[in-house]
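Number of protein chains: 2
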Amino acid sequence: MFAPHTYIERRKKLKEKVGTGIILLLGNEESSINFKDNWYHYRQDSSFLYYFGITHPGLTGIINCDSGEEIIFGDELTIDHIVWSGSQPTIAQLASKCGVNKTLPTSKIASSLKGLVHYLPPYRTKNQWKLSEWLGSPMNFISKGASIELIKAIVSMRSYKTAEELTEIEKAVNITADMHLGAMRYAKKGMLEAEIVGKIQQIAISGGGNLSFPVILSKDGQILHNHYHGNVLQEGDMILCDTGAETTMGYAGDMTRTFPVGHEFTQRQKELYQIVLDTHEAAIAALTPGIQYKDVHLLAGKTLVNGLIEVGLMKGNAEEAVSAGAHTMFFQCGLGHMMGLDVHDMEDLGEQYVGYNDSLNKSTIFGLKSLRLGKKLEKDFVITVEPGIYIIPELIDMWKAENKHAEFINYDLLETYKDFGGIRIEEDFVITESGSRLLGKPVAKTINDVEQVRAESLGLMHE
Amino acid sequence: MFAPHTYIERRKKLKEKVGTGIILLLGNEESSINFKDNWYHYRQDSSFLYYFGITHPGLTGIINCDSGEEIIFGDELTIDHIVWSGSQPTIAQLASKCGVNKTLPTSKIASSLKGLVHYLPPYRTKNQWKLSEWLGSPMNFISKGASIELIKAIVSMRSYKTAEELTEIEKAVNITADMHLGAMRYAKKGMLEAEIVGKIQQIAISGGGNLSFPVILSKDGQILHNHYHGNVLQEGDMILCDTGAETTMGYAGDMTRTFPVGHEFTQRQKELYQIVLDTHEAAIAALTPGIQYKDVHLLAGKTLVNGLIEVGLMKGNAEEAVSAGAHTMFFQCGLGHMMGLDVHDMEDLGEQYVGYNDSLNKSTIFGLKSLRLGKKLEKDFVITVEPGIYIIPELIDMWKAENKHAEFINYDLLETYKDFGGIRIEEDFVITESGSRLLGKPVAKTINDVEQVRAESLGLMHE
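Going line by line, the protein sequences match chains R and U. For the first sequence, this note's numbering begins at 1 and goes up steadily by one. For the second sequence, this note's numbering begins at 1 and goes up steadily by one.
Because the hints were derived from the structure by calculation, they are not lab data. It is possible that part of the hints are untrue.
It does not matter which identical chain is meant; a pair holds if it fits inside one copy or across any two.
Straight-line distance between alpha carbons at most 30 Å, and here's what the computed DSSO-like set of lysine-lysine pairs gives [claimed, not checked]:
{"id": "1", "residue 1": "Lys-13", "residue 2": "Lys-36"}
{"id": "2", "residue 1": "Lys-114", "residue 2": "Lys-36"}
{"id": "3", "residue 1": "Lys-15", "residue 2": "Lys-36"}
{"id": "4", "residue 1": "Lys-97", "residue 2": "Lys-441"}
{"id": "5", "residue 1": "Lys-97", "residue 2": "Lys-418"}
{"id": "6", "residue 1": "Lys-36", "residue 2": "Lys-379"}
{"id": "7", "residue 1": "Lys-36", "residue 2": "Lys-152"}
{"id": "8", "residue 1": "Lys-36", "residue 2": "Lys-126"}
{"id": "9", "residue 1": "Lys-126", "residue 2": "Lys-114"}
{"id": "10", "residue 1": "Lys-379", "residue 2": "Lys-189"}
{"id": "11", "residue 1": "Lys-376", "residue 2": "Lys-188"}
{"id": "12", "residue 1": "Lys-441", "residue 2": "Lys-188"}
{"id": "13", "residue 1": "Lys-13", "residue 2": "Lys-375"}
{"id": "14", "residue 1": "Lys-219", "residue 2": "Lys-36"}
{"id": "15", "residue 1": "Lys-36", "residue 2": "Lys-144"}
{"id": "16", "residue 1": "Lys-362", "residue 2": "Lys-36"}
{"id": "17", "residue 1": "Lys-108", "residue 2": "Lys-144"}
{"id": "18", "residue 1": "Lys-97", "residue 2": "Lys-219"}
{"id": "19", "residue 1": "Lys-36", "residue 2": "Lys-369"}
{"id": "20", "residue 1": "Lys-376", "residue 2": "Lys-36"}
{"id": "21", "residue 1": "Lys-102", "residue 2": "Lys-379"}
{"id": "22", "residue 1": "Lys-12", "residue 2": "Lys-36"}
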């Protein structure tokens with residue numbers, strides 16, 4: 001964790017922003033797999049991490065904006081626990097590491113919550129239940145009672161990454177880069193997708209941390225969140241690999257590469273890959289403080305459509321096609337999202353507050369409703385840029401039956417692409433004074449560079 | 001999954017055993033990491049798997065003992081889901097795979113639960129909440145309302161592994177054996193423990209399945225459930241590695257090996273390792289239908305004490321020492337547990353019902369209270385045998401201060417072992433007509449064999 005003053009300063013600022021009342025921040029408990037004591041890898045809540053930095057399970061923090069008092073609640077281990085889990089620091093020792101001097105047992109929480117209590121919307125049912133018990137409010141009412149002031153205050157702090165945070169994020173992105181290069185070098189035809197997933201996980205864990213989200217790796221890249229890894233890879237397939245590491249402190253990396261199982265892309269794959277790459281570069285070139293990310297997203301859409309018009313999959317005017325939403329046949333999701341202590345940073349706080357604001361509401365139409373970040377970029381935001389082309393047979397059938405956007409989509413040609421799959425290219429950037437900076441070391445991205453890595457890994461020389 | 005008739009037969013038998021009322025079996029939902037849609041690796045509930053076999057999230061099954069009716073409740077995907085997660089079978093298609101013909105949306109569950117409802121104690125808060133909502137009972141009352149009849153009926157079925165289950169379990173144990181051999185070959189001084197953990201996880205995932213529980217791997221083997229992997233390995237350290245694979249169907253393997261970071265154990269390590277190995281072999285030799293596992297556990301304790309007397313760490317009469325509980329200074333936990341769809345099979349149903357019965361209650365004294373399985377062994381039980389020696393400094397200090405069991409423990413010598421660590425050897429067995437059979441392929445276990453693997457992996461020849 002960072003030095004105590006980082007957390008002391010953050011809490012001081014948070015108190016000032018929220019102004020009055022008690023801020024209640026719940027840490028996470030262990031999470032059961034198939035029986036109580038068989039646990040998933042422990043993950044602390046990110047806002048708890050941001051303000052207290054402690055990665056132990058079962059803690060709760062309160063910050064009293066009026067009296068200034070800060071308390072960490074938790075229960076000490078018994079000798080039975082020590083036998084099973086080893087000697088552990090006391091709650092007071094843990095608290096002192098983030099500059100909190102007062103600790104109390106968990107049983108004292110409810111009576112400490114008098115008056116106005118600010119809490120965040122829970123994403124784990126266990127914490128929802130705790131809030132329900134402590135606040136004497138029914139389970140179903142808990143999410144509605146979350147504090148908008150607290151959400152806005154936290155978003156206004158966590159959105160701007162400090163130098164020490166950027167160092168941690170870059171560490172995560174560098175391990176992420178190793179995972180991608182590892183996958184690109186390891187894959188061979190005849191392999192199960194799961195074998196590459198195993199290799200990726202090995203690299204993430206060997207780095208001392210973990211994955212920031214479950215590996216998305218598939219020859220069916222058109223399935224955006226594909227966690228099925230049972231396919232056998234064949235010559236001619238492309239692998240879409242979207243994966244990221246998380247450091248021990250909880251900071252995330254998130255990248256995507258798409259590469260051929262053989263040593264070269266097919267002609268068709270090359271054409272669409274180049275369109276995605278051009279779109280990626282156009283979006284990166286547009287990154288600068290003050291530009292709405294929604295506009296970068298729409299610019300990316302236009303670049304994509306222009307490329308698709310060139311290969312004959314779309315037609316008409318690119319600007320009009322994007323306005324009408326016709327590009328969402330190929331690019332159904334958003335261009336990117338905030339990244340930090342969460343891979344989709346602060347997604348638990350609500351996208352309307354994180355990626356949008358009072359003057360820009362999140363859209364509800366297909367495509368734009370999946371854009372997690374729409375508002376103006378600012379210095380020290382960390383974001384992903386991840387355009388893609390996804391050929392989804394079910395969507396083609398559905399739209400074609402309605403003749404939807406037929407003035408922009410060449411359905412006859414598109415029919416012949418139904419087995420194409422998907423392509424995504426994703427990197428992480430920090431917004432600077434005048435533009436943006438790529439985080440982490442570069443990984444092969446152009447067609448030539450990717451084919452070079454593949455050829456080398458297959459023991460072939462590549463001209 | 002198995003063929004439909006397996007599940008049809010199981011449900012038929014379960015209905016007969018429970019007799020009357022509605023059996024309600026909850027499948028698991030996705031489980032959130034740090035925001036709602038960032039999910040841990042999905043794991044279906046094991047009893048749901050046993051009776052329905054379906055590994056999709058969000059399903060619930062009911063089996064009406066009186067009318068015979070069986071229903072699977074679940075909700076169909078929308079086109080939005082298909083874009084993100086790909087085309088999926090319908091609920092009816094899923095249900096047909098396990099021979100259930102009726103399906104309904106989740107909203108119909110509460111009204112289907114009339115009269116006596118049998119359910120299992122939930123280990124995930126989400127399922128506890130669902131039960132609370134459906135049954136109109138407060139969250140805190142749900143666990144107490146679990147059906148003892150249903151628990152006993154399920155234990156009386158899941159305890160006896162069929163031939164097709166044994167094949168699956170053996171698959172899991174074989175991958176587990178590969179994980180252990182992989183670790184034993186991969187480890188080198190200077191490595192972070194996490195690097196070996198990564199290697200193990202790679203092998204588990206490449207096998208198409210996953211881990212059956214988080215890897216326990218440490219140079220501090222005395223910490224029984226040690227998930228900290230931040231130590232750097234040094235010559236003279238021993239690595240205790242306790243890990244297991246889970247197949248795609250959910251069956252578990254679970255083994256432990258302890259090996260030196262160098263190519264040889266030290267003299268002291270050899271002495272205690274041989275005691276654990278002798279204890280392991282004595283316990284295995286005793287496995288046979290009809291013997292109480294508690295007696296095998298106590299026999300193991302006696303063998304262990306005899307060895308410890310020989311090296312001078314204990315004194316007096318072994319039988320008396322075990323009766324008094326003095327051996328729990330070194331062997332604080334149980335000899336083993338049931339294994340099947342869970343690594344600690346059916347632990348969620350309650351150890352009193354799984355490992356004990358009406359005529360044998362689980363002990364509450366230190367040591368025996370950690371013995372998960374105490375009752376008589378029967379043909380087709382699958383169990384682990386895992387004795388160990390753990391030198392726990394905190395426990396030594398505590399007992400020594402009380403002069404506890406001073407007639408059996410040589411505290412002066414023990415003080416010099418405080419940095420020793422821990423040793424465990426664990427394998428999986430099925431109880432046969434006349435004894436037991438080792439599951440899976442053998443992995444180096446004697447001092448010579450382990451040192452041979454280490455020497456080979458370090459590029460040394462071993463005499």
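Checked hints:
no.: 1; hint: Lys-13 with Lys-36; verdict: between (38 Å within a copy, 27 Å between copies)
no.: 2; hint: Lys-114 with Lys-36; verdict: between (32 Å within a copy, 29 Å between copies)
no.: 3; hint: Lys-15 with Lys-36; verdict: between (37 Å within a copy, 27 Å between copies)
no.: 4; hint: Lys-97 with Lys-441; verdict: neither (32 Å within a copy, 48 Å between copies)
no.: 5; hint: Lys-97 with Lys-418; verdict: between (56 Å within a copy, 28 Å between copies)
no.: 6; hint: Lys-36 with Lys-379; verdict: between (44 Å within a copy, 28 Å between copies)
no.: 7; hint: Lys-36 with Lys-152; verdict: between (35 Å within a copy, 19 Å between copies)
no.: 8; hint: Lys-36 with Lys-126; verdict: both (13 Å within a copy, 13 Å between copies)
no.: 9; hint: Lys-126 with Lys-114; verdict: both (22 Å within a copy, 28 Å between copies)
no.: 10; hint: Lys-379 with Lys-189; verdict: neither (44 Å within a copy, 44 Å between copies)
no.: 11; hint: Lys-376 with Lys-188; verdict: neither (43 Å within a copy, 50 Å between copies)
no.: 12; hint: Lys-441 with Lys-188; verdict: both (24 Å within a copy, 28 Å between copies)
no.: 13; hint: Lys-13 with Lys-375; verdict: within (23 Å within a copy, 59 Å between copies)
no.: 14; hint: Lys-219 with Lys-36; verdict: between (36 Å within a copy, 26 Å between copies)
no.: 15; hint: Lys-36 with Lys-144; verdict: both (29 Å within a copy, 16 Å between copies)
no.: 16; hint: Lys-362 with Lys-36; verdict: between (39 Å within a copy, 18 Å between copies)
no.: 17; hint: Lys-108 with Lys-144; verdict: both (25 Å within a copy, 25 Å between copies)
no.: 18; hint: Lys-97 with Lys-219; verdict: between (46 Å within a copy, 26 Å between copies)
no.: 19; hint: Lys-36 with Lys-369; verdict: between (37 Å within a copy, 17 Å between copies)
no.: 20; hint: Lys-376 with Lys-36; verdict: between (44 Å within a copy, 25 Å between copies)
no.: 21; hint: Lys-102 with Lys-379; verdict: neither (36 Å within a copy, 56 Å between copies)
no.: 22; hint: Lys-12 with Lys-36; verdict: between (37 Å within a copy, 28 Å between copies)
The structure fails hints 4, 10, 11 and 21 (numbered hints given earlier, in ascending order).
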